Amino acid sequence: MLQATDLNAIRAIITRAKRWDLFFSLLGILSLMIGILTFVVLFVDMAIQGVPRLSYEFFTSFPSRRAANAGILSAWVGTILVMLVTALSAVPLGVAAGVYLEEYAPKNWITDIIEINISNLAGIPSIVYGLLALGLFVYYFGFGQSILTAGLTLALLILPVIIVATRESIRAIPQAIHEASFACGATTWQTVRDHILPYSSAGILTGVIIGMARAIGETAPIITIGALTFIAFLPNAPFSGDPPAGLFDWIFAPFTVMPIQMFNWTSRPEAEFQVNAAAAGFVLVFMTLAMNGLAIWLRYRLRKNIKW
Amino acid sequence: MQVPNVMEAGVEGTVLKAEVRDLDFYYGAFHALKRVSMPIYDRHVTALIGPSGCGKSTLLRCFNRMHDLYPGNRYAGGGIVFHPDNTNLLSPEVDPIEVRMRISMVFQKPNPFPKSIYENVAYSLRVRGMRNKNELDDRVESALKGAALWNEVSNRLGELGANLSGGQQQRLCIARALASDPEIILFDEPTSALDPIATASIEELVTELKEKVTILIVTHNMQQAARISDYTAYMYLGEMVEFGITDQLFIKPQKKATEDYITGRFG
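Going down the list, the sequences are from chains A and B. Note that the working numbering numbers the first sequence so that position 103 is 103, with each residue one more than the last. Note that the working numbering numbers the second sequence so that position 169 is 169, with each residue one more than the last.
What the hints contain is simulated information worked out from the structure, not anything from laboratory work. Misleading hints may appear alongside valid ones.
What the hints assert, rightly or not - For lysine to any residue, the following SDA-like pairs were computed, each having C-alpha atoms within a straight-line distance of at most 20 Å:
no., chain 1, residue 1, chain 2, residue 2
1, B, K115, A, A17
2, B, K109, A, F273
3, A, K307, B, S116
4, B, K115, A, Q190
5, A, K304, B, L160
A quick note: this is a predicted structure, and the numbers were derived from the prediction, not measured.
Just chain A, same shape as in the assembly (with noise of 0.2 Å):
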């Protein structure tokens, strides 16, 4: 025989246990909100500062004693083309490093080891790439205080963000059609180039918009080379220089960065600097947020043609 169900007891059980439910999700709206909120409070308060700020001869002036004649321009020109270098250095070395440790590499203690060091470089502070390359680029390789020298130093500092995230893109193709190319007798290297690049593109591509993200927004190890604080002057464009003028002229002008002109103008004591400084800032979240667009954008077109 079966027992007459209690209806009342039952829901009162589930009315109880329900409680969690209430009290974790209000919990997790908190820890969000702690999160989400602080960043709004932030942007809003330095764009109310700073978006009247912005003019047109705000990006294209120079930095300058009186601050309201002071602009960004040396200092986006810099941001960009030290991106540039970073972009064209650290993606082809850290996707081939993770093609080779994926596809390639045989799997040792070697391998092993080597592998466990790329998730710790990426836990290194920034200040100490920023002492490796002024040893290293600065004075070794004599490439000065240099755009060169910020775009290879942001460049290793990435470089292992964009290696684990080749491998995770690599690792998320399946199996059945890693296996369907060789089975096509395809090569290691015709199998990378036909299926593993092109399907693992966004992944990859995400990654390095992580790293370059990043990349934009670091200060300290720019300064410990020796970027400096007050340029009035942009690098030569392509073939203007003193002859012999050459392309790639630019790469060994002095710079300066987005961050760091902020840095300079919130050390000032005057009010209206202070204005400067969220202008810029308001600037270089905005090329950040552009940045991440474009990724999601390029993802969506890369990722069209895959189902899996």
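Once you have looked at the hints, place chain B on chain A.
The following block gives chain B in isolation, referenced to the frame of chain A:
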């Protein structure tokens, strides 16, 4: 275990395409194939049956050296002799890519590349250095016809392979395996992810294909082995228990173990 007598099992007019001879294979320390021997006859269908873990897929994947892709796998003795050139496919001197150029494979789950239907089939030809557009077009068309898919896809070759139904995807994979004119095609449980109607069309296709190419098929479905194969090998725990003409093996197995398995008393 006794080496099956090839001549006894053979039928008048059949030609040996390959012979597995005393093959031992290890996954690390695990002895997965134990002195396995069996013949593969030219332009016939040979089925490998047996319970899960018996080594039938392991044996199949020896034929195109798929095991070479992973560390720790070891061919420990014996070999697979390929006729008529008498090459031991498992010899370290033989390049696995050369083996895969001669023996192609269809996998358990349809695994088309995330590329167009055309490019999926053309890939087998591209890795062989074929660049001529007309030649590629012709070969892709004849492979798709051979896989009984041409009529369904001829007007949408540029579409993604993944947009096809499961059965069509598997026939696309068969077309990819067929395009390079292989000497043997390996099928690893090709219908286990398909519905009954798609399964029937794949089985019909296998029966047609044996006019041109030698087929080795792993199946967990004994009825399927009985329907489509000419020869059947029953494996258990890494050993070859019995090899014979399919009709004889299913009607009058020589070994008690085989009889227990095919009558469903075990496995």
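Taking the hints in turn, this is what the structure says about them:
no., hint, in the structure
1, K115/B - A17/A, "50 Å, violated"
2, K109/B - F273/A, "64 Å, violated"
3, K307/A - S116/B, "13 Å, holds"
4, K115/B - Q190/A, "15 Å, holds"
5, K304/A - L160/B, "10 Å, holds"
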